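Q: This is what each chain is made of:
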Amino acid sequence: MTDTIATNESILVIGGGISGMTAALEAAECGKQVILVEKTPSLGGRVSQLYKYFPKLCHPTCGMEINSRRIKANKNLRVITMAEVDEITGNAGNYNVSITKQPRYINDNCTACGECANAVEAKFDNEHNYNMDKRKGAYLPFNMAYPQRYVLDSGIIGTDDADKAKAACRYDAVDLDMQKETVQLNVGAVIWATGWQPFDAANIQPYGYDRYDNVITSVEFERMMDDFGPTGGKILRPSDNKEAKNIAFIQCAGSRDRNYLKHCSRICCMASLKQTTYVREQYADDGKATIYYIDIRAIDRFEDFYAKVQADTNVSFIKSKVASITEERGTGNPVLHGVNTEGYDRYDNAHDLVVLAVGMQPSVDREKFPVEVITNEHGFIERPEGSTGMFAAGCASDALDVNRAVQNATASALRAIQVVNRFSKTEV
Amino acid sequence: MGNLNTTMIEKYRNSFLHEVEANVEEGEWVKMCMQCGVCSGSCPLGPHWDHPPQELFMMIRAGKREEVLTSSSMWMCTSCYNCIVRCPRELPITHIMHGLAHYAKRLGLVPENQQTEKFAQLFWDNLTNTGRVNELKLGLKLYFMNGFGEGIKMSLKMQDVGLNMLKTGRMSPFELLGGHSIKDKTGFHAMLQKAKELEDAKIAKHGA
Amino acid sequence: MADTKIGAYICKGCGLGERLDTDKLESIASGEGKAAICRQEEFLCQQSTVDKIQADIDNEGINRVVIGACSRRAKFEAFNFESTCVSRVNLREGVIWVRPDTEEAKEATQEMAEDYIRMGCTEVKFMSPPSASQEQSVNKHLLVVGGGITGMTSAIEASKAGYQVSIIEKTSQLGGVAGQLHRKVPSRMPYASPQDNGIDDLNNQISANSNITVYLNSTTTKTSGAPGRFSVDITTESGSTTTENFGAIIQASGFTPYDANKLPEFAYGKTPDVVDQLGLEKLAQEANGTPIKRPSDGKVVENVMFIQCAGQRSDKEDHLSYCSGHCCSTSIKQAMYFKESNPNCDAAVLYTDLRTPGAGGEDFYRSAQRKGVTFTKGIAKEVVAGDNQHTIKFTDLILNDEVDLAVDMVVLATGMLPNSGVNIDAPPAEEGSVEIPVESILNLDYRQGKDMPQLVHGFTDSHFICFPYETRRTGIYTAGPVRRPMDINQAIDDATGAAMKAIQAIENSALGKAAHPRSGDLSFPSFRMEGCTQCKRCTVECPFGAINEDEKGYPSYNESRCRRCGTCMGACPVRVISFENYSVDSVGQQIKAVNVPIPDEDDENAVAKPRILTLACENDAYPALDMAGMNRIQHSAYVRIIPVRCLGSVNTIWVTDALNSGYDGVVLLGCQKGENYQCHFVKGSEIAHYRMSKVNDTLTTLNLEKERVATYEVAITDIQRIPQLIDDMAKTIEDIGTSPLKF
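Protein chains in written order, with our numbering: chain L, 1 to 428; chain Y, 1 to 208; chain W, 1 to 743.
Certain hints may be false.
In silico SDA-like pairs for lysine to any residue, Cα to Cα no more than 25 Å straight-line [as the list claims (entries may be wrong)]: (1) Lys75(L) with Asp315(W); (2) Lys262(W) with Lys166(L); (3) Lys72(L) with Gln54(W); (4) Lys56(L) with Asp425(W); (5) Lys202(Y) with Arg370(W); (6) Lys308(L) with Tyr677(W); (7) Lys12(W) with Lys134(L); (8) Lys166(L) with Gly17(W); (9) Lys52(W) with Gly93(L); (10) Lys75(L) with Lys12(W); (11) Lys339(W) with Val85(Y); (12) Lys245(L) with Asp425(W); (13) Lys24(W) with Arg170(L); (14) Lys160(W) with Asn96(L); (15) Lys75(L) with Gly520(W); (16) Lys72(L) with Glu470(W); (17) Lys316(W) with Glu281(L); (18) Lys106(W) with Phe423(L); (19) Lys371(W) with Gly99(Y); (20) Lys308(L) with Asp315(W); (21) Lys140(W) with Phe423(L); (22) Lys288(L) with Thr352(W); (23) Lys234(L) with Gly17(W); (24) Lys262(L) with Val85(Y); (25) Lys160(W) with Lys134(L); (26) Lys56(L) with Glu470(W); (27) Lys134(L) with Ile157(L); (28) Lys52(W) with Tyr171(L); (29) Lys339(W) with Gly179(W); (30) Lys75(L) with Glu82(W); (31) Lys381(W) with Asn107(L); (32) Lys308(L) with Lys52(W); (33) Lys140(W) with Ile374(L); (34) Lys371(W) with Glu197(Y).
Some chain Y residues flagged as far from chain W (calculated, every beta-carbon gap over 10 Å) [claimed, not checked]: (35) Arg13; (36) Met59; (37) Arg61; (38) Ala62; (39) Gln115; (40) Phe148.
If you're looking for bench data, these hints aren't it; they were derived computationally from the structure.
Quantities reported herein were computed from a predicted structural model and do not represent experimental measurements.
Even for Gly, the Cβ is constructed at its ideal location relative to N, Cα and C.
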């Protein structure tokens, strides 16, 4: 894909999560030339790591399937994976962009037959499962991965595994000499769909995420529900692989807190409410969930979902920011300490497992954009003002749920189209 | 100095909040609390509080002047600073607790027989007397704070510690005879007097 | 069909060459399949081989291509030949990857592959390349219904992209509710204080923009046509009507504030000092920066309490069960009005959950606290109006206290009701009951009803998280609080997003291309009029209201309203509806092409070889089957799977034909139906379930067991379950025996 043709009538979308895919597709399906650049080997972003969506409890992979089909069928859209933007110069209507593509070591010939993965032995942390398990050095990142093409981990280059992978491939798809390359593009508008990352829970010292096996994050909990995930779709305690039936959810783990993220991450209340249904789905009446919260922010019709969860007698709510977690000797049960501020009750509650509803942090540090971008103090890109040709889409602009991120990305596509239409000769 | 018989009408009015903001050290932070309770949960003395910090803040907002100022709760604070470190809203809770205690003391609203308050007064008196802390006198006063019998009991309990301190030269028995003081004791007392005047004026001005 | 020339290409890569007798497959393709060119390739998807196929198309007149290789989901770009029909015979994920590599499995696996080759060759024979009907040309004129901040934003944003816009506004001025606001919640950092409501600026932009036309005091009295050629009657208050043509429509009809008169417990209506949020905006506007005075006696307000969730988040009769989303921020903003104009005023907010999500929201909350606004977690029970002061009775949930608080003023944070027009799905009114007439917003001249279908609580939102603009009326997009309760900042984004989709609808309808989710599809249903019995099933069942009826009751299609799902094709009892590349025959003939072995009755040792037909939704079930293959999850070799656009497109003739041809079982795999339906064609799965319940009669007539037909709701994640469902059917057949209808 090095022959990417781009002109100042093209739109560059940076980030291939659901917001980037949406912005790219909406513009491309409007007849615009679009280049979509993604840092990792596949599209999908955080959404591809979710089990279900709130409030509908449908599967994100369904939408991913539609979006990948749209991408495959659209000749206006070019996807460049394993690539990052190094530099952007110029102005609205005429940006020069320099992109670095990391070597995948697998070329277009790949048929995704999987023989290379069978051949190699070394294992690496599996980033798709937040390192909860290992994957091989030759791998397809996940079942739905698009492009459907394997990747060689750079860690096997120069080892026997690399030669084994090459020998196993009958289609000359393994190219061990592949080098990092730079691609230059000229585009009219840029959309930052760089998304979010989960806040590093190890920073919240009193919760002991780094010390206690049975304290995990909400994003890791999602991976447990995947049949092809690290626990084969079972909710298990990391310490002893026992079924975790009595689960605590701690809200604002990193959010609304000047020590960590000052902003509210918006999605975490609904995410935990949703995850209580996972507990019930798996363990029926034996499944118990307790949500420790400051305010339940289930706005608009999400309230219906909140009401439904509240009606579940196996789910309880405690208004409290948990003060600390200790580990019960012998059982490995995490014990939560704190005060229920509704009426002042102290508690020391033992649970099988604790899920920290971790906050949403912009993926790109506000200091590290390769061009001047106006961000607020939380690192989110501010709404466009003046005659800029650069726009944020999705969680690069604010802590948003999927629906709002897609809505925002659709809006960004139009903002980008306005710029290229203004600067192109397009008769309208 | 404000009517302690807070009337119903004043409840949930912000007059007490304003009073706290004006007179209590760091009192202007009280309004920033969002009732998460992490301070109350993080406090090592937590179970001893009738009203933990976050509840005190709500009571202040609710205008519960007498309940707050006559409470023993803020006297429980041992300045470990756990609450300040954990507060998501940056409230200097330790300082507010001391500020509340101090304000209650000035208004004469400390609950009877409040141990921390008694010690604080002993310490203050001891210190302001010569400008230096006389540890021997302070120790003895502290032991006998709750009566002669208690004092003897306490002294016997602590005698090994005392003897060791004497042996190692960490405490001098001659301190009992007055002890050493700072150079300009008169100037020091004048300074304290001036500070008190300023404080009183402030309370008279902003008091409820 | 004389002009079809089939090229069949069989791949030997990815283990296909080792596992299958590809010579046999080739001979079937060229023999039974009548392929003019047939080749086996070691590595079919490599560029040089693909180029050879292209050369066959260009030079040898090949116009139907059969690719016997991997799934249609793999290597799509390689085999995407322009203006040629392609059938992807799924030998890899669909055959060798779901079968064990053993000697005893070999025969059945080979039979699977052979049948799939037969099916692929048959399918292309009954396909032709779709082309646009050119039913509409490009019309770059957009209609925006509603002139509030959402509609104004949509109009401005669309015009910035070079499109013409007309705004129809019912009242005498633009601005809507936002125009009645003293100030708005900030949309830019530092998210600390209320900002100008922005309406003046939008008004100036609109009046300076020659591409935007505004119709005030006007409503849409009739909307007909389709994307690219909507015809809309615009009627003014005085009754004069003009008709205009538009390419697409945005409905930004906004919301109506909840009627606070329904809250007598909060003394609304009993004293003018109890107001709703909009009422307070008016007072703030009047005060214009000076201390706000209370309406009853003009006294400067010294203390005010905001009651959040008034008549909302409540299951009481006449209350709203949902949260309106904006009201916490709005009360915070209004409390700031009091604090900023009179720092001595006590402004308190009584809430149960303070909802200020996102980055700016929490900043705004903190800013209010810094300004001295106090917040109390509690539940208001009653407001008692007094002569001088009013008393709020509430429970303080933190202090666990019952409180009576005297205040000068009370503000009720009430909710939003969408201006959605007529609820087209409402059950017919009971006889004798008094029906309150609802004014339609769009007055659609569609068989399915006058207005946009509603999702929940009257809001016209999309059903899909991933696709907030997946409208059920192609080319018409709702935006702003009519779609979902939302604040101004979200409404502005939503207005822009909807404008994007409307522009897209304009561009694609002109090219004859379908809208999402089959975006770009040029195929289009046509019907054979001479066979039509005017039964109207297609017009009734079309989930998108794409089909009208002409005077004689014949269906009249509107290409650009159509989403190409095939529900009409599935509905047609006389099978006269078809797409160029997807028809009753293109699937039906595949079913018939399968070799159904006739048991040798003389041979007692003969192993039964049943046949199971599976029709799988191409969005969820088929990808799940693919992924089952990728993970080598096996299923019965007796099944023959055909992907369908939607289970709603399944015509029962396929099922009865299969059974008549000796198939032993039929499994239908669709998506979740019901309230939280997952079908992107709305009711496909539901309709299929209903239709299949009727197949029972056929089964009885044929003297077959009911168990032979099973319909399931599956999800794309059912990678392990779906092979199991197929195996369950194989087991059922084993139990009840093979079909007697094999001859």
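Q: Are the hints correct? Go through all of them and say.
A: Now the hints, each set against the structure:
1. Lys75(L) with Asp315(W): violated, 51 Å
2. Lys262(W) with Lys166(L): Measuring from Cα to Cα gives roughly 74 Å; hence the hint is violated.
3. Lys72(L) with Gln54(W): At roughly 19 Å apart (the allowed maximum being 25 Å), Gln54(W) and Lys72(L) satisfy the hint.
4. Lys56(L) with Asp425(W): holds, 20 Å
5. Lys202(Y) with Arg370(W): Holds, at roughly 23 Å.
6. Lys308(L) with Tyr677(W): Between Lys308(L) and Tyr677(W) the Cα gap is close to 18 Å, so the pair holds against 25 Å.
7. Lys12(W) with Lys134(L): violated, 32 Å
8. Lys166(L) with Gly17(W): Status holds; Cα separation ~20 Å.
9. Lys52(W) with Gly93(L): violated, 41 Å
10. Lys75(L) with Lys12(W): violated, 28 Å
11. Lys339(W) with Val85(Y): violated, 30 Å
12. Lys245(L) with Asp425(W): violated, 41 Å
13. Lys24(W) with Arg170(L): holds, 23 Å
14. Lys160(W) with Asn96(L): holds, 24 Å
15. Lys75(L) with Gly520(W): Since the Cα atoms of Lys75(L) and Gly520(W) sit roughly 11 Å apart, the hinted pair holds (cutoff 25 Å).
16. Lys72(L) with Glu470(W): With Cα atoms ~20 Å apart, Lys72(L) and Glu470(W) stay inside 25 Å; holds.
17. Lys316(W) with Glu281(L): violated, 30 Å
18. Lys106(W) with Phe423(L): violated, 62 Å
19. Lys371(W) with Gly99(Y): Satisfied, since the Cα-Cα distance of roughly 22 Å is no more than 25 Å.
20. Lys308(L) with Asp315(W): holds, 12 Å
21. Lys140(W) with Phe423(L): At roughly 19 Å apart (the allowed maximum being 25 Å), Phe423(L) and Lys140(W) satisfy the hint.
22. Lys288(L) with Thr352(W): The given pair, whose Cα atoms are some 24 Å apart, holds under the 25 Å limit.
23. Lys234(L) with Gly17(W): violated, 38 Å
24. Lys262(L) with Val85(Y): holds, 15 Å
25. Lys160(W) with Lys134(L): This hinted pair is violated, its Cα atoms lying about 50 Å apart.
26. Lys56(L) with Glu470(W): holds, 15 Å
27. Lys134(L) with Ile157(L): The hint holds at about 18 Å.
28. Lys52(W) with Tyr171(L): holds, 17 Å
29. Lys339(W) with Gly179(W): Status holds; Cα separation ~23 Å.
30. Lys75(L) with Glu82(W): This hinted pair holds, its Cα atoms lying about 11 Å apart.
31. Lys381(W) with Asn107(L): violated, 68 Å
32. Lys308(L) with Lys52(W): Answer violated: Lys308(L) to Lys52(W) is near 59 Å, above 25 Å.
33. Lys140(W) with Ile374(L): violated, 34 Å
34. Lys371(W) with Glu197(Y): Not OK: Lys371(W) and Glu197(Y) at ~31 Å, beyond 25 Å, violated.
35. Arg13: About 6 Å separates Arg13(Y) from the closest Cβ of chain W, which leaves it inside 10 Å; violated.
36. Met59: violated, 7 Å
37. Arg61: Its Cβ does come within 10 Å of chain W, the nearest being 5 Å, so this is violated.
38. Ala62: violated, 6 Å
39. Gln115: With a cut-off of 10 Å, Gln115(Y) remains clear of chain W, as the shortest Cβ separation is near 26 Å.
40. Phe148: Holds, because the least Cβ-Cβ distance between Phe148(Y) and chain W comes to about 42 Å, which exceeds 10 Å.
Violated hints, listed in ascending order, are 1, 2, 7, 9, 10, 11, 12, 17, 18, 23, 25, 31, 32, 33, 34, 35, 36, 37, 38; each of the other numbered hints is respected by the structure.
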